[in-house]
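Colleague: One-letter residues, chain by chain:
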Amino acid sequence: MSVQELDFSRVDEIIKQTPNKKGALIPVLQKVQKFYGYVPIESIERIADGLHVYPADVYGVLTFYSQFKLKPRGEYIVRVCCGTACHVKGSDRIAEDLITKLKVAVGETTEDRRFTLEKVACVGACALAPVVIVNEDVHAKMTSDETRKMITSLQKGQKE
Amino acid sequence: MDKPRIIVGMATCGLAAGGKPVHEKAKEVAAQLGIDVEVRKTGCIGMCHREPLMDIIMPGRTRVCYSDVKAEDVPAILESHIKNGEVYKERLLGQFKPSSPDIQPYPDTQYYDELDYNKKQVKIVLKNCGFIDPTKIDEYTALGGYEGAKKALTAMTPEQIIDEVKKSGLRGRGGAGFPTGMKWQFCRNSPGNEKYIICNADEGDPGAFMDRSVIEGDPHAVLEGMLIGAFAIGATHGYIYCRAEYPLAVEHLNIAIEQAKEKGFLGTNIFGTGFDLDIIVKEGAGAFVCGEETALMNSIEGKRGMPNPRPPFPAQKGVWGKPSNINNVETWANVPQIITNGGDWYASFGTEKSKGTKVFALTGKINRTGLVEVPNGIPLSEIIYDIGGGIIGGKKFKAVQTGGPSGGCIPSSLVDTAVDYESLAALGSIVGSGGMVVMDEDTCMVDMARYFQAFCQDESCGKCTPCRVGTKRMLEILERIVAGKGREGDIELLLDLGSQVKITSLCGLGQTAPNPVITTIKYFRDEYEAHIKDKSCPSCSCPALIHFEVTPDACTKCGICVKNCPVSCITDGTGGKKGEKPAFILDEECVRCGVCFEKCPFDAIFKHSGGTRVDKVSAKVKKES
Ligand SMILES: Cc1cc2nc3c(=O)[nH]c(=O)nc-3n(C[C@H](O)[C@H](O)[C@H](O)COP(=O)(O)O)c2cc1C
Ligand code: SF4
Ligand code: SF4
Ligand code: SF4
Ligand code: FES
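For the record, the sequence lines run as chains A and B.
The opening position of the first sequence corresponds to residue 1 in the numbering used here, with each subsequent residue numbered one higher.
The opening position of the second sequence corresponds to residue 1001 in the numbering used here, with each subsequent residue numbered one higher.
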């Protein structure tokens, strides 16, 4: 999707649906990201106008919180947990394997926009470490082999 | 209850382990067998290592819990238990104690409470977790839910409530352990008619999940606690600040709030007393520092989540500049039972200064991982061995990290320490929020320190220099030590920098960030010295300091290592040519990925560093209950 094609009317709608503008910046950005998959840079001024704050405030919040992404992400968001429990159980290895397998750095998206590789600091499934999360699904007690197999089947277009 | 009921554990851990297919299969099989059952969900009962869990209740009989259930086990379990009235032994975990004399237990069936994992636990906060359906308020009220709130609002004065909480000795479960009753008193005494209460559900400690489980499994306990607290303080607005990484917790909270409103436990004129309270869920956006109370309030206001200097304390000037009282999830969840059963009852658990129970998330290299709730003051050894079942694969216990990135490690030599606020603080660690990550002989303590330092450095908000720059410098030193480039004097430098960062940082993040480094140096200085002086890693873990080697006599030339090496640095060993030599690793090219070590089916590859050698023993690790 190029910039021209992006339709920002949804941003205006989200703002309109937020009657109480006090403290609404983060929830609005979360809704925008949920809809577009990221927060398009071009939407910042609209959001600032709509919520009566400065664009710098919006940008400041966007860059402060790790949840917000300023670039489009892939169809599958693969997150490796790097929390303490997962680290002790060898999640570094899984992350490195995925870097090789997907040929992208952490935080990056493959050229075909199918996969984004990210790290996350704990999703609360620590008892079943190490975990890998694909979109919303948490996969428990993963190994490098299993992770690779799962990615291969996703690459082939099969459902997980 | 007149129908059989099937209950599947569907918290984050249950789902990750495969609870959903079990839930679906249960519905499907029940329909096939033509039995009229109700299939429900529940939260996390704490036995994460045995998930997926499936319970069955037959009318008039005790509740039976099955563990490690896969979808394909479901038909046999239902057939046996529901159709034939017999417990299916193969997946049996235990039956719950009968809740009344009319309930008949099953013969020759172990009680759930008597399992090694549960024997020493005392469940107050986790009483309902994994037992009730968290999306149904009736299941909560059926077990006495909202009775505490009713008593507080209709039969007690705010002062009496605060006195009861003071009497209970409850201290904040979010990390600092501040007395809860006293905190409420401050906020109550603070002038102003608009006040706020906040539940801190940010749970930033990576490797801890107590708050997630409580919210997912028993959200009404948190709401009820907040209702009681709000009434005592005189607050009419509440926020729950929940970590963005916990979507299920947010979902359950929102459902619970809606249901509480319908029943009149939230909203206006609660219990006909004229007291009003509304509670809103705010989702965090991924910043560890937002767990710090002043940063959290800035985040609620929609700003960058940076801490403010205190004073003013939240009780004086909190969210939106109004007096605010913030407590942790577990703190709130204790409150209803303190009011229902009395402060003295609560104070009968625990020690002189640390009353009641504490929930811990037991993870890492331990056999039985999960959530445990124990009386304060229990010896650490009982948690590690009696409850946790010791170390995986019979390896040696090295240390346990408590308190996450703000805490410290406790070495195996101090395993008899009582787990309470004072005793852990005396060792340089903290109880913290309740994370307990167990480490064995293969975990390098210098690398652990580096890991936590990297975490703190990454999460430092950058507002003050000692933390922003200090954590960075400390990380650089630790990185060079694990890379085998440590210098003489680095240990002293770390200690010096660490103590400066501790005293000069603005908020708790910086003030505690050096703790993991300081405690690992205190208890494992020899490991630091080996890295720096001998350029070796005694745990054979730091990639830059280890070497992989083949034992020629043990190598069968199967070629598996050769095939799997990502950089093709293993020669021979494929058994193709006659008289060929065993596999051989070219050390200069090896990237220390360890794949060959893991894959060799004959355990012919070992790793070594300095004087230590680690052989792989691929004996299957037996599963324990
Ligand atoms: C860096 C940092 C992170 C924190 N994270 C949390 C957290 O995730 N959850 C929590 O309850 N308290 C956290 N705290 C402690 C809170 O600031 C506060 O003390 C606590 O919520 C008070 O509740 P309590 O008295 O019930 O423990 C954190 C503190 C600091 C300095
Ligand atoms: S100590 Fe660290 S996290 Fe806290 S205010 Fe200073 S820079 Fe920010
Ligand atoms: S995998 Fe093991 S046995 Fe097979 S060739 Fe390699 S070292 Fe030899
Ligand atoms: S550790 Fe990795 S890189 Fe080194 S020899 Fe083994 S497989 Fe190859
Ligand atoms: S540390 Fe990985 S899920 Fe908590």
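Incorrect hints may have been included.
DSBU-like cross-link-like pairs, simulated, lysine-lysine; straight-line CA separation at most 35 Å [to be verified]:
1) B:Lys1167 / A:Lys141
2) B:Lys1119 / A:Lys31
3) A:Lys101 / B:Lys1502
4) A:Lys101 / B:Lys1485
5) A:Lys119 / B:Lys1151
6) A:Lys103 / B:Lys1502
7) B:Lys1150 / B:Lys1123
8) B:Lys1533 / B:Lys1607
9) A:Lys141 / B:Lys1070
10) B:Lys1150 / B:Lys1166
11) B:Lys1472 / A:Lys103
12) B:Lys1522 / B:Lys1396
13) A:Lys21 / B:Lys1303
14) B:Lys1263 / A:Lys31
15) B:Lys1395 / B:Lys1533
16) B:Lys1151 / B:Lys1119
17) A:Lys34 / B:Lys1150
18) B:Lys1557 / B:Lys1616
19) B:Lys1535 / B:Lys1563
20) B:Lys1027 / A:Lys149
21) A:Lys22 / B:Lys1027
22) B:Lys1502 / B:Lys1317
23) A:Lys31 / B:Lys1303
24) B:Lys1317 / A:Lys103
25) B:Lys1070 / A:Lys149
26) B:Lys1395 / A:Lys119
27) B:Lys1557 / B:Lys1522
28) B:Lys1020 / A:Lys103
These are calculated hints, taken from the structure and not from any lab test.
Since this is a predicted model, take the numbers as computed values, not measurements.
Colleague: If a hint holds in the structure, say so; if it does not, say that too.
Modeller: The hints, checked one at a time:
1. B:Lys1167 / A:Lys141: Violated, at about 43 Å.
2. B:Lys1119 / A:Lys31: Measuring from Cα to Cα gives roughly 46 Å; hence the hint is violated.
3. A:Lys101 / B:Lys1502: 41 Å, violated
4. A:Lys101 / B:Lys1485: Since the Cα atoms of A:Lys101 and B:Lys1485 sit roughly 30 Å apart, the hinted pair holds (cutoff 35 Å).
5. A:Lys119 / B:Lys1151: Between A:Lys119 and B:Lys1151 the Cα gap is close to 47 Å, so the pair fails against 35 Å, i.e. violated.
6. A:Lys103 / B:Lys1502: Outside the cut-off at roughly 40 Å; violated.
7. B:Lys1150 / B:Lys1123: 22 Å, holds
8. B:Lys1533 / B:Lys1607: 20 Å, holds
9. A:Lys141 / B:Lys1070: The given pair, whose Cα atoms are some 15 Å apart, holds under the 35 Å limit.
10. B:Lys1150 / B:Lys1166: 19 Å, holds
11. B:Lys1472 / A:Lys103: The given pair, whose Cα atoms are some 29 Å apart, holds under the 35 Å limit.
12. B:Lys1522 / B:Lys1396: The given pair, whose Cα atoms are some 20 Å apart, holds under the 35 Å limit.
13. A:Lys21 / B:Lys1303: 13 Å, holds
14. B:Lys1263 / A:Lys31: 30 Å, holds
15. B:Lys1395 / B:Lys1533: This hinted pair holds, its Cα atoms lying about 27 Å apart.
16. B:Lys1151 / B:Lys1119: Judged against 35 Å, a Cα distance of about 32 Å means the pair holds.
17. A:Lys34 / B:Lys1150: Violated, at roughly 39 Å.
18. B:Lys1557 / B:Lys1616: 17 Å, holds
19. B:Lys1535 / B:Lys1563: Holds, because 31 Å separates the two Cα atoms, which is no more than 35 Å.
20. B:Lys1027 / A:Lys149: 30 Å, holds
21. A:Lys22 / B:Lys1027: The hint is violated at about 46 Å.
22. B:Lys1502 / B:Lys1317: 26 Å, holds
23. A:Lys31 / B:Lys1303: Roughly 17 Å between the alpha carbons, so the hint for A:Lys31 and B:Lys1303 holds.
24. B:Lys1317 / A:Lys103: 50 Å, violated
25. B:Lys1070 / A:Lys149: Given pair B:Lys1070, A:Lys149 holds - Cα atoms ~21 Å apart, limit 35 Å.
26. B:Lys1395 / A:Lys119: Roughly 29 Å between the alpha carbons, so the hint for B:Lys1395 and A:Lys119 holds.
27. B:Lys1557 / B:Lys1522: Violated: B:Lys1557 and B:Lys1522 sit about 46 Å apart, past 35 Å.
28. B:Lys1020 / A:Lys103: 32 Å, holds
Figure legend: structure checked against the earlier numbered hints; hints not met, in rising order: 1, 2, 3, 5, 6, 17, 21, 24 and 27.
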